[in-house]
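Modelling step: build the complete structure from the supplied sequences, incorporating the hints.
Sequence lines, in order, name chains G and W. Per my numbering, the very first residue in the first sequence carries number -11; after that it's consecutive. Per my numbering, the very first residue in the second sequence carries number 5; after that it's consecutive.
Keep in mind the hints are simulated off the structure, nothing from the lab. It should be emphasised that the depicted structure is a prediction, and the values quoted were computed from it without experimental measurement. Be careful, since some hints might not be right.
To be verified - With the C-beta cut set under 10 Å, the calculated list includes, among others, these residues of chain G facing chain W: (1) Asp5; (2) Lys7; (3) Cys61; (4) Arg144.
Stated by the list, open to error - Using C-beta positions, here's what the derived DEER-type ranges look like: (5) W/Gln83 to G/Ser109: 56 to 66 Å; (6) W/Asp392 to G/Gly71: 26 to 36 Å; (7) W/Ala649 to G/Asp107: 25 to 35 Å.
To be verified - Simulated coverage check for chain G against chain W, where a stretch passes if three residues somewhere in it have a Cβ under 8 Å from a Cβ of chain W: (8) -10 to 2; (9) 44 to 58; (10) 72 to 84; (11) 94 to 107; (12) 115 to 121.
All C-beta atoms, glycine included, are put in the ideal place defined by N, C-alpha and C.
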Amino acid sequence: MSEPHAIALSVNGRAVDAKVEPRRLLADFLRRDLNLTGTHIGCEHGVCGACTILLDGTPARSCLMFAVQADGCEIVTVEGLAGENGNLSSLQQAFSEHHALQCGFCTPGVLISLTSLLDASPDPDEATIRDVVSGHICRCTGYQAMIHAARAVAGRDACGRS
Amino acid sequence: MATRYLGAAVRRVEDPRLLRGEGRYLDDLALPAGLEAAFVRSTIAHGLIRAVDASAARALPGVHAVYFAQDLGPAAMRQMPIAAPHPLLIQPRTQAPLATDEVCYVGQPIALVIANNRYIAEDAAALVAIDYDPLPVVTDCRCALDPSAAHAHRGAEHNRAATLTAHFGDAAAAFAGATLRLAERIEMQRGGAHSMEGRGVAAVPSPDGMGITLWSSTQAPYMIRRLLAAHLDWDESRLRAVAPDVGGGFGPKAVFYPEEVVVPLAALKLGRPVRWIEDRREHFQATTQQRLQAWDVEVAADSTGRLIAIRGRGVHDAGAFVPYGVLLPLSSLWPFPGPYALQALDLSLDVVFTNMVPTSPVRGAGRPYANFVIERLVDRVADALGLDRAEIRRRNFVPRGNFPYATGMTYRDGSKVTYDSGDFEACLDKAMRRAGYADFAARRVAAAKRGVRRGIGVASYVEDTGAGPFEGVTVRVQPNGRVHAVTSAASQGQGHATIIAQICADALGISPENVTVTSADTGALAYGMGTYGSRVAVAAGSSAFNAAAVVRAKALRLAASLLQCASDDLTILEGRVVRRSGPADTGLDLALLAAQLSGTPGIPLPDGFAPGLEATDYAPIGATATASGTHIAEVEVDPATGAVAVVAYVVVHDCGNVLNPLLVDGQILGGVVHGIGNALFEQMVYDSTGQPLSSNYGEYLLPLASEIPLIDIAHIETPSPHNPLGAKGAGEGGTIPAAAAIVSALEDALREEGARFAKHPVFPEDVIEAIHLGLCVREVVPSAGAGGGLLEIAGG
Chain G
-11 MSEPHAIALS VNGRAVDAKV EPRRLLADFL RRDLNLTGTH IGCEHGVCGA CTILLDGTPA
49 RSCLMFAVQA DGCEIVTVEG LAGENGNLSS LQQAFSEHHA LQCGFCTPGV LISLTSLLDA
109 SPDPDEATIR DVVSGHICRC TGYQAMIHAA RAVAGRDACG RS
Chain W
5 MATRYLGAAV RRVEDPRLLR GEGRYLDDLA LPAGLEAAFV RSTIAHGLIR AVDASAARAL
65 PGVHAVYFAQ DLGPAAMRQM PIAAPHPLLI QPRTQAPLAT DEVCYVGQPI ALVIANNRYI
125 AEDAAALVAI DYDPLPVVTD CRCALDPSAA HAHRGAEHNR AATLTAHFGD AAAAFAGATL
185 RLAERIEMQR GGAHSMEGRG VAAVPSPDGM GITLWSSTQA PYMIRRLLAA HLDWDESRLR
245 AVAPDVGGGF GPKAVFYPEE VVVPLAALKL GRPVRWIEDR REHFQATTQQ RLQAWDVEVA
305 ADSTGRLIAI RGRGVHDAGA FVPYGVLLPL SSLWPFPGPY ALQALDLSLD VVFTNMVPTS
365 PVRGAGRPYA NFVIERLVDR VADALGLDRA EIRRRNFVPR GNFPYATGMT YRDGSKVTYD
425 SGDFEACLDK AMRRAGYADF AARRVAAAKR GVRRGIGVAS YVEDTGAGPF EGVTVRVQPN
485 GRVHAVTSAA SQGQGHATII AQICADALGI SPENVTVTSA DTGALAYGMG TYGSRVAVAA
545 GSSAFNAAAV VRAKALRLAA SLLQCASDDL TILEGRVVRR SGPADTGLDL ALLAAQLSGT
605 PGIPLPDGFA PGLEATDYAP IGATATASGT HIAEVEVDPA TGAVAVVAYV VVHDCGNVLN
665 PLLVDGQILG GVVHGIGNAL FEQMVYDSTG QPLSSNYGEY LLPLASEIPL IDIAHIETPS
725 PHNPLGAKGA GEGGTIPAAA AIVSALEDAL REEGARFAKH PVFPEDVIEA IHLGLCVREV
785 VPSAGAGGGL LEIAGG
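Printed below as a string of structure tokens:
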């Protein structure tokens, strides 16, 4: 049995110190050890995208990483997208306006990917948005409303955050 | 009573918490002192368990138990009940919760490992050694009834589970006298549900030792409670079944599974909560799905393109067991004759066992099968007579004004299948206008200049929705003035809570944000059914409508007695009962009225008033409400690679009165994309020994945003007379005709080559084969066959 490793990282702006088994997936660490259950596990093989988080500002599949690999990193999960005062981000609000979520299971991952896109490029076109959304599997919505929601935010403000 | 919210594009009350990542799905539930479980599942498709050895597993630190069937008692060893028994089931076979001797599909549960966490449980499960004696395997339903076929079950005399028939009129005479008779062989394979959240079960023994709460990622907690109590021979009062947030269902989560028996038995034995979560591989192997249905059919028509009769024989892959009875294959017969007025029908469908996971409805259930068969035949007749594909449909539709229309079919109880309302022609006309159908030729020419072949296809459908008998709602005004609506309805993303909130808001003069809706808990409302067949908005919506109306009337009556005026003089505005005319400040808050009726010690309630500003309704739903519509799809085919792109898609949809256009359009969009998956991407592949070769998303393709064109949706509303909302279901109409529309478009794109398609899914290699050989591609890749099920590309 492997010895737990000490890791130190930042999650949604908060410093976290923990001891984890080497084989513990980052997704399980976030969900079980930090009680941040907003990140979901849909396939465990990196395709569906439900587990997507921001790792040092870049979208990453938390089901394909070990928690020890996040040592020294900054993680943002869906729980970190709303504003300080708890207000939903522009993108989150647009998702509701456009009915871009139904069961909500894939939604956190999609929000992370689109937030990252809108942070990096404030006015992406429909094709670019569609390309980012195609990194996620959604069985409920048919994707169209997600693309409309992101386009609406792109038209409105630069960074998608409140 | 004003309808300010119902019918409007009200944002969902479910959204804020889900957007924040505050959903509570099965794996998110806090279970103090809970243990995690992993199943040991059969790795062969058919065999006898000769020996098992769990000693290494049990010795692993962190493992609390490894349970085989005999460890959990008789309830783990006897056959599970069938959700819907049927007299035509010749072999009503279901599995025992844990296999004792025979296993009949890869993935069948044999043992449960319980440990401190899932990592350890999986380590231990891998250490459980099982020795099998393999038995012959049958995987191809098309030859499962051959005398030489292997038997899916040891000791069975054959693989026939049932033979179902549907007929009306005199098909033999119709065919004998027909000008045109065409035969076709049609094969269709659908696939799995692939909700992004897999299944899951958590069983929590009651703190007082009296019973157990079963949390399940299910579409039907009431069905689970009923069947589990019956199976365990328990009073239902000892069992509470609850669905938490559920990340998609699409049909297979409405089945009563072995895991829903084994996990609670283990929890009771250990005296601790136990949770099991399905991983994606298990979803591929052990969650029900839909597979092959194959038909030899004929259509008879006259020289003007009038369809006269359809007859044929089909075979349906039931998988190894029939936990859902024959509801799935029956639902592939009911939809005949579709939106067309036929004189005769004669169909026979053999339902056969195979050594694969059982099949049960996936979005659309059997309706997409029936629709594909009907619509391919209609296209064939059109082509044979040189008629436009849209025009032939128009000629054969049940005409507007002919409703209610008895199709000729009868239900099991002998009553007539009737379409309650509809305007099929209006849907077709509107779809053709929006699709620019008349201008298609120019688009075809332009595409050819780009080196691709563009085609257009039409498919129309009818769907029986809103089935009864009921789905309950309690509407209760709380002493703080907020409304609590409790519904038996289970949701997996449809937005039922929003519909109910809209209805309550309209009735009680409040805004939907002031309505809290809780659902899917057998402990909270006495009776319920389940979410399937596009029924909940109609059934639960009607109950909410009725209950809220009673609450409104009671509030007005109480206020009237307190204000000493007539009820008719009063109305409700912003949560306050006020006079219609006169000073507004002499009104009474709903909160106050609710508090009054909650009871004050020693003070009787006003005369003639029962406790509570609340009402419960189970709106009786009798006949189904008939939804319908037309889809028009355009595809572009690259003749060099066989790649097919869906480039345009129009839906005109009639679900009666639209309760919330955001939600209805969302259901249609999701349904269409699922249908695109069925048409071009999704296929479960097994090898000849019954091993699933599709077990991850590299091997099984789901449609992504890159595959989807802009989908245009418009509505026709013909209200249903069968419920107070005039509404019809909208959950599956997007899927039902999609494969037919796309394959029709594909054929149209490749007319010059004479390429034809009588099956789905259609893959690029099929397109290449059809183009080069100018033939009709009919066969879904056989599960038993050379190449281990892998497709070979023609030409190397």
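Here is what the structure says about each hint:
no.: 1; hint: Asp5; result: 21 Å, violated
no.: 2; hint: Lys7; result: 15 Å, violated
no.: 3; hint: Cys61; result: 19 Å, violated
no.: 4; hint: Arg144; result: 17 Å, violated
no.: 5; hint: W/Gln83 to G/Ser109: 56 to 66 Å; result: 59 Å, holds
no.: 6; hint: W/Asp392 to G/Gly71: 26 to 36 Å; result: 56 Å, violated
no.: 7; hint: W/Ala649 to G/Asp107: 25 to 35 Å; result: 31 Å, holds
no.: 8; hint: -10 to 2; result: violated (count 0)
no.: 9; hint: 44 to 58; result: violated (count 0)
no.: 10; hint: 72 to 84; result: holds (count 4)
no.: 11; hint: 94 to 107; result: holds (count 4)
no.: 12; hint: 115 to 121; result: holds (count 3)
The structure fails to meet hints 1, 2, 3, 4, 6, 8 and 9 from the earlier list, while all remaining hints are met.
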